[in-house]
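Engineer: Here is what each chain is made of, one letter per residue.
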Amino acid sequence: MMLSAWQFTRGYVRILVTGFSIERFLNMAMFRGVYLWDVERTEKGVELNVSIKGFRIILACAKKTKCKAKVIQKNGIPFIIHRYRKRKLLVSGVLFFVVGLIALSSFVWRIEIEGNEILTHDAILTFLEAEGLHTGAAKFRLSDREIQTAMMNYFPEISWADVYTRGTRTTILISEALPPQEILDRQTPVHVVASTEGLITAIVTGAGAPLVRQNDIVRQGDLLVSGILELDPEMQGSPNVYVHAYAEVWARRYHALQFSVPFAYEERVFTGRILNHRAVQLLFAGNRRINLPSSGNSFASYDRITMHQQIGASGDYPLPFVLITERYSEFVPQTRTRTPEEAAELAERMVTSRLIREFDFSIDIIGRELTFTPTETELQVSALITTHERIDQQVPITVPTPTPAPSPTP
Amino acid sequence: MRGIKERMTGLLALPKEIALDLPVVMATGRGEVNVENYKSILEFTDERIKVNTKDGAMTIEGERLKLRQVTTENVLISGRITGIKYS
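Chain order of the listed sequences is A and B. For the working numbering, add 24 to where a residue sits in the first sequence, where the first one is 1. So that you can map any letter, position 33 of the second sequence is 14 in the working numbering, and since no number is skipped, the others follow by simple counting.
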């Protein structure tokens, strides 16, 4: 296989030899060191393959041995080149493509960053810009190692970064350091006060003197656990000790939500007619955008979805062209009316989504009642949510202060 | 003269074909015969190929014979071989 490939590159001809003594012709050719292959006897004479260089010697042998040699087939690259030598435009086009591809792939056209949770993409990209790495940066001017060390020195959050370039794509792998543990300071004397109002359901005191009990109702700011203790309760007027009070205080609270669900609403009925506007954005020459020809947009109301797709030769060779497709899908707005039951059902779903969104994860929801008051145009909804949550909050004591009389529990 | 030379090459364990310029015939299955160290081609048809060597002529018979390769050292014959004769 390799031999025939090599012969094809150098070019060879298949010739028909006729004449008096072909054996003498073969011997003479062999003596001259000409390599012949696939020599076959046919009715008219002998067919054989010989390289272009060998063919010239063969002609001399044929004359000497009074044989005739006729070319019946020409194969090989030299003949192809000869055939296209006049086609200036084709040859220059091929050359332009090859040179263009090589030139274009000596730039970085895509930067991918993986593994960053705390650090944002933009923060990294602006830093890389300063280091000279941006889409369209020339590859020979950049060194992955330098950027890698620069990144690790610049960003304290990054514990290890790996920058490597394959083809025209630079990939940056980051592993971020664990966020530093915030140190709980246990020294400063504090009180524990109520962060909001509520009915206390449980109190677990770690340090300090608890002033409230279960089922007490407290208002926002009430003192729950005092950080001031008397050294010796029996002895009158003993000096006070200031302590870092800590307690977990759980309370039941009520939240009211008011909103309304309109009966009439607009539904989007898609007609199925879709229109695609296509454009190509160049990542070089000022990110210019070339709109490809497409019919105008004649829809009254439509949904527009824009899709970006970078064109690339293969996974590792993204090229600096981004195909932007804007898909317009037409819809006809239809006003519909909801029945009160549908509105109520929707209200339930809305309450659930608001609970998930507005309430903190640690709060337990232990009850919810919805009351509906329908009017002509909408359904008014008021929801009463009972929750079970922690209301302890630490407040520093200003030392020394006259011992504040513990506020009387209501 | 030839006896002494032959004995010498035997003693010195030299490869015979090179020292004594003898042909080496290697037949691979029925489809291919390679004759090395031949002198010249005497006859070439698709039924019979006659090759001259230092030890006299050799004839290879068969059907659809063709010379796959012809170089100064060897000749590679392929086709359906039916006989190899020394004359």
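Simulated from the structure, these hints should not be mistaken for laboratory data. Yeah, the Cβ is synthetic: ideal placement off N, Cα and C, and Gly gets one too. Take these hints with a grain of salt, some might be off.
[Stated by the list, open to error] Here are some of the chain B residues that sit facing chain A, going by a computed Cβ distance under 8 Å:
1. Leu1
2. Ser21
3. Thr26
4. Glu44
5. Leu48
6. Thr53
Engineer: Hint by hint, note whether the structure agrees.
Structural biologist: Evaluated hints:
At a threshold of 8 Å, the smallest CB-CB gap from B:Leu1 to chain A is about 22 Å, leaving the interface hint violated. A cut of 8 Å between beta carbons decides the hint on B:Ser21: the least distance to chain A is about 4 Å, and the hint holds. Look at B:Thr26: its Cβ gets to within about 6 Å of chain A, closer than 8 Å, so that hint holds up. Hint status for B:Glu44 relative to chain A: violated, with the closest Cβ pair at about 12 Å, above 8 Å.
Taking 8 Å as the C-beta contact cut-off toward chain A, the hint placing B:Leu48 at the interface holds, the least distance being around 4 Å. With a cut of 8 Å, the hint placing B:Thr53 at the interface with chain A holds, because the nearest CB-to-CB distance is about 6 Å.
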